[in-house]
Amino acid sequence: MSGTLPVLECSGLAQRYRTRGRDQVVFEDLDLTITGHQFISVVGASGCGKSTLLRLVLGSERPWKGTLRSHGRPITHPDRTRGIVFQKYSLFPHRTVLDNVMFGLELAHTHLLQKWLTWPWYRTRHHRRFRNEAMHHLEQVKLHDHADKYPHQLSGGMQQRVAIAQALIMRPSILLMDEPFGALDPDTRESLQRTIVRAFHDQNTTILLVTHNLEEALYVGTRLLVLARDAREPAAGSRIAIDLPITQSAPIDSPGTQELLAHVRHQGFTC
Amino acid sequence: MTEEPRFRSIIGSPLAPATRLLLGTIGVAVCLAAYEFYVFQHQRDGGNPRFSPGLGQLWTAFGELTLVDARTQTVPFWTDTRASLWILAEGLGLGIAISALLGVAMGVLSTVHAMLTPVVSAIAKIPPTAMIALFMVVFGVTGDAFKVALIAFGISPTLTLGISLVAREVPKNTIVKAYSLGATTPSVVVKAILPQIIPQVIQMIRLAVGPAWIYLIAAEYINASQGIGHGIVLSQRMVRIDHILVYVIWLAILGTAIDFGFHWLSRLVAPWAAARKDD
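Chains A and B supply the protein sequences, listed in that same order.
Just so you know, we're using this note's numbering here: the first sequence kicks off at 452 and counts up by one.
Just so you know, we're using this note's numbering here: the second sequence kicks off at 604 and counts up by one.
Incorrect hints may appear among the rest.
[Stated by the list, open to error] Computed list of lysine to aspartate or glutamate pairs in DMTMM-like fashion (alpha-carbon distance at most 20 Å, straight line): (1) A:539 / A:641; (2) B:775 / A:630; (3) B:775 / A:530; (4) B:775 / A:641.
Simulated from the structure, these hints should not be mistaken for lab results.
Predicted model only: the values in this text are computed from it and were never measured.
Just chain A, same shape as in the assembly (with noise of 0.2 Å):
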């Protein structure tokens, strides 16, 4: 039944800050759906709401108006089924990186009175069954040599990997990334976006990925989302400009994907 049903729908979605006194519409109008194996990288200049979208997502922020369902269901709070990337405080500090790895496994297996209560079997069973998986997901990130360092041991890129390990722990079914890696130095960038795109392959998650940087989104995405606001209306929000399918992994200097960045550029980045 799940299969059939969007990963995600949105359908008139509208979202509004306040600030002195005054309204500032950030987007409006937005109707998105998200069926089957998606990689949807969102671009688009400060301002224009892709952070916003995350948030409604994400379910951490409500909308002003429309409609937000994931499997048909509503979205109306953060949980398990939809993980997230933040570009920084990803992480929990007290926690090793393998701990912050198992963190989702403990919390969805386990009540705290629960453990509390049958620690010394809690310790045998499950522990070392989220131990075990929770390796896993450190290897698939390179990680696994550094799994009892905390977080504040690492470099931004490697805490990034821990992060993206964490939220793919769980399964989710759309993994949300917000500037992943943009406090990130070019290399590690590099790096990180092949990662992401190999766990995209290897686990059959949707992603959603916000990102400002045009390369990076041709780069990763199988699908080109860039929200801008119209240059006669300034204070209406912005809108979905363009929303086309793109080739994964395409190499940049290629004459398409240039034409595509000329395209995109003159199109989307007026605001």
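Fit chain B to the supplied structure of chain A, relying on the hints for placement.
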């Protein structure tokens, strides 16, 4: 020693542990020497040795204080210490329990925060020693209850506000993240918020121990049958400056030991916080 490749300024340049220890020892030694010099001068000028006990005299005084009392068959110095530490622990325990409960509730729930912040901030403005008279009437003059209450009253308002502040400053991303990993609201509090604030809370408790001592000694000055403050008052009545000084040095030693204890506790329960760079 390998040569440091980095530029080294005199400002905040790191020292080897042995150097630090040596410099610390020199600091103490200079202090003691200055005191001895003062005593020497005072006595040379014909001052009363009663008012300027030298270090040797203080050691003798310590010996006197730790003699077994013939009547009670106990050493008053140690029973005083035990009594004071016990009340201090009770007062701190009660104060910490109240502040942890209120502080976390205020930090997590905006409604509780809005409701309690004005009250708690107002109570924090009351000098706790102003409450001694009231507490003696309410909790009785004889027992220790009023001292425990005074310590708890003195430390909890600031501690509560401090805990609520750090609980509110936990990055929102980690809270949202915990929910997205399937956490329920109670488990977000217990497993995502509380462990993150523990090191800062221990640090604040450590800072609260100083004020707690003030309230304890003040209460013991006024009314006590034992305790370090009581011992100081007795020494004062007999004009035993040497005894007073022994008590004061002992307070410094106890305070330092408690401080180290909390430092060690922090390292034990939150090893991750020790070397964490912010951000």
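Taking the hints in turn, this is what the structure says about them:
1. A:539 / A:641: Holds, because 18 Å separates the two Cα atoms, which is no more than 20 Å.
2. B:775 / A:630: Holds, at roughly 17 Å.
3. B:775 / A:530: At roughly 15 Å apart (the allowed maximum being 20 Å), residue 530 of chain A and residue 775 of chain B satisfy the hint.
4. B:775 / A:641: violated, 28 Å
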